[in-house]
Amino acid sequence: MKQAVLSIDGLRQAVQSLPDDALTAAREAALASIGTQGLPTVRHEDWKYTDLSSAIDISNRWLADGANTESAATPADTVKSIMASIDANWLVIANGIVDLTHFVESSGIKIERFSDSAAPLVMERPLADLNVALLRDGLRIQIHAETEKPLGVLIVDETSAAATVSQANVEIEVAAGCNAEIVEYQSSSGGGDHYGNSVVVLKIGQAANASYVRIQDRRIGHVHTGRISVTLGADSQLHMAGYDLGGGLVRNDVDIDLSEPGAAATVNGLYLAGDGQHIDNHTRVDHRVGPASSSQEYRGILNGRCRCVWNGKAIVHKGADGTDARQTNHNLLLSDKAEIDTKPQLEIYADDVKCSHGTTVGQLDEAALFYLRTRGLDRRQATQILTHAFAADLVSRTPVTATRDAITALVESRLAELITDNVS
Amino acid sequence: MLEVINLKSRVGDTEILRGLSLSVNAGEVHAIMGPNGSGKSTLAQVIAGNDDYVVTGGEVIYKGNNLLDLKPEERAREGIFLGFQYPVEIPGVNNAYLLKAAVNAKRKHQGLGEVDAFEFLKLAREKMAVLGMDPKFLNRGVNEGFSGGEKKRNEILQMAMLEPSLAILDETDSGLDIDALKAVAEGVNKLRHPDRAIVLVTHYQRMLDYVEPDFVHVLSEGKIVRSGDKTLALELEEKGYEWVREAANG
Ligand SMILES: Nc1ncnc2c1ncn2[C@@H]1O[C@H](COP(=O)(O)OP(=O)(O)OP(=O)(O)O)[C@@H](O)[C@H]1O
Ligand SMILES: [Mg+2]
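Line by line, the protein sequences are chains A and B. Counting in the working numbering, the first sequence runs from 9 upward without gaps. Counting in the working numbering, the second sequence runs from 39 upward without gaps.
Please keep in mind that the hints were generated in silico from the structure rather than gathered at the bench. Small disclaimer: the values here were computed from a predicted structure and weren't measured. Even glycine gets a Cβ: it sits at the ideal position worked out from N, Cα and C. It is possible that part of the hints are untrue.
What the simulated footprint calls covered on chain B by chain A, stretch by stretch (three residues with Cβ under 8 angstroms from a Cβ of chain A suffice, anywhere in the stretch; the number is not a length) [claimed, not checked]: (1) 78-89; (2) 104-111; (3) 128-139; (4) 143-149.
Working from the sequences, and respecting the hints, build out all of it.
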């Protein structure tokens, strides 16, 4: 298939139709950046396995149809049930529109709208630029004291039209010495095609400790691209875990910048993919100084005709001595139609470093399956138990405790869908 | 209960069982002995339904039905239990969870509702006490990091909870210390019942001192070459397998 090209004229019209506010200049700059760079194609090394054509196609149809950003109403039921499943203080971005009505004012958190204050950063990264160009509004959040509940960011879309596109953009600053728990939850529903694109910028202050959980449970078939860029202050910590359960074409980019000594970042992820899904996780950790450590552990369970990509890059820059960088990626392939491209990548320009990586791609342990069956469990039940065990470790180690039950339930129900009677 | 008739089986290209016949009635305890590699575990695995072993001839009738038509889980639910010579470690799967799922699978098959969680735990703890197992083993991964003897006790715990009609214990006595051997033997003796049968695969007389067999068979090169009562085991202990082989060939 020939790769689709984004309509820049359509995009320009859409950008110009947005209200004139504090975001205007950033939108224009972002638009200009896309105009010169375009969106990535499979010819870009980082996009080799992930063709954005479906995202571009949905965008073009939406642009041609007037780029309406205020069509559907907030999906109240979805919002309600998600809020009930995780006890957090929720900010909602529904169909790209910021909704602060569920948020309970808290002395530890300060929130500003981009439209009221300064605009977000233009990153000169194509999808982030697309995000800013089309952004209706976003949030700048400062967490300066520990709060009772985690901060929740619920990005939810309800589609009714044939093709819709929405953007979410949040900047979170965790003040020096502060402990913060953050949950990003992405959900979508409705019959039409949808493309959701999000950008999160997380700045962790000196000696602060941020725990970040990302749950992506979009409708199977909906397109999602998301970027999370994190900078860590001296002696700070990041504990991040992402759980990808839904979506059609999914691409997550997590960039971690370790520019100050003593910082430690853990970035874990779990992806469950079935028929028609394409889930791509790209991480990049820049070790610019030492000592600092990073650890990545991703696991995937794939069944049916699907493809997953894991690319974990760690760059140890010159002078970043005392770096400790680890990465692992383990995959369970339950179908011969499932495909995984796993690529750990270490680039080391410093001398005194400890680096390790390991990836595995395997099937279920037949001996374990047989053992379970001799105890009376049928093949499907035995498969579910074994796949669940494969995922359970990452689920129980979710860095935000308040999310554990919800993630357990989501993983269980997704596995029940994925592991059908005809597992091979 | 179990009728094995002229059973032949191979794994890959190797013929392992070469026309094995064995008849086990309810209420009986059978011991199967024989040199390493003679096919004892193969017989046990074939009866449990391991499809790595291809049956190339013969029949296995269990409770009047063709056993070989059934899937492993169906055999288990019909009351067959295999205590593995090498129990499989399944990290991340909770031991109590498996035990309960196994009990419930059988109950469902019998048209019964799920076991009450409280009753289940109480029963499991009782059985563990008999086997000298610390209750903390319930919360560990199935056989995960268990010592050899702990794995064997865990097999017996599963058997005790499932109360099978036919228990095949493949060298469950190997690798046990003296106390564990007694505990396991007690577990096996508790299962003895006019409606049940037990097949013990063993290399040692010691187990048979505690669990007295009604019949002892010697398996060699894929066939039963001699059968007798419990005195056969004593004779083997004294004279070794060479004696049976010679007797069989001559
Ligand atoms: N999966 C397999 N692949 C190849 N050969 C096998 C396999 N399983 C069993 N065999 C062979 O079949 C023969 C019988 O093995 P089996 O395990 O049944 O012996 P056994 O009587 O139980 O021995 P032991 O007393 O040592 O437990 C052996 O020669 C063994 O190597
Ligand atoms: Mg054996």
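Here's how the hints hold up against the structure:
1. 78-89: It holds: at least three residues are needed, and the stretch 78-89 of chain B offers 3 whose Cβ sits within less than 8 angstroms of chain A.
2. 104-111: holds (count 3)
3. 128-139: holds (count 7)
4. 143-149: That given contact holds, which follows from 3 residues of the stretch 143-149 of chain B lying within Cβ reach (below 8 angstroms) of chain A.
Taken one by one, the earlier hints all hold for this structure without exception.
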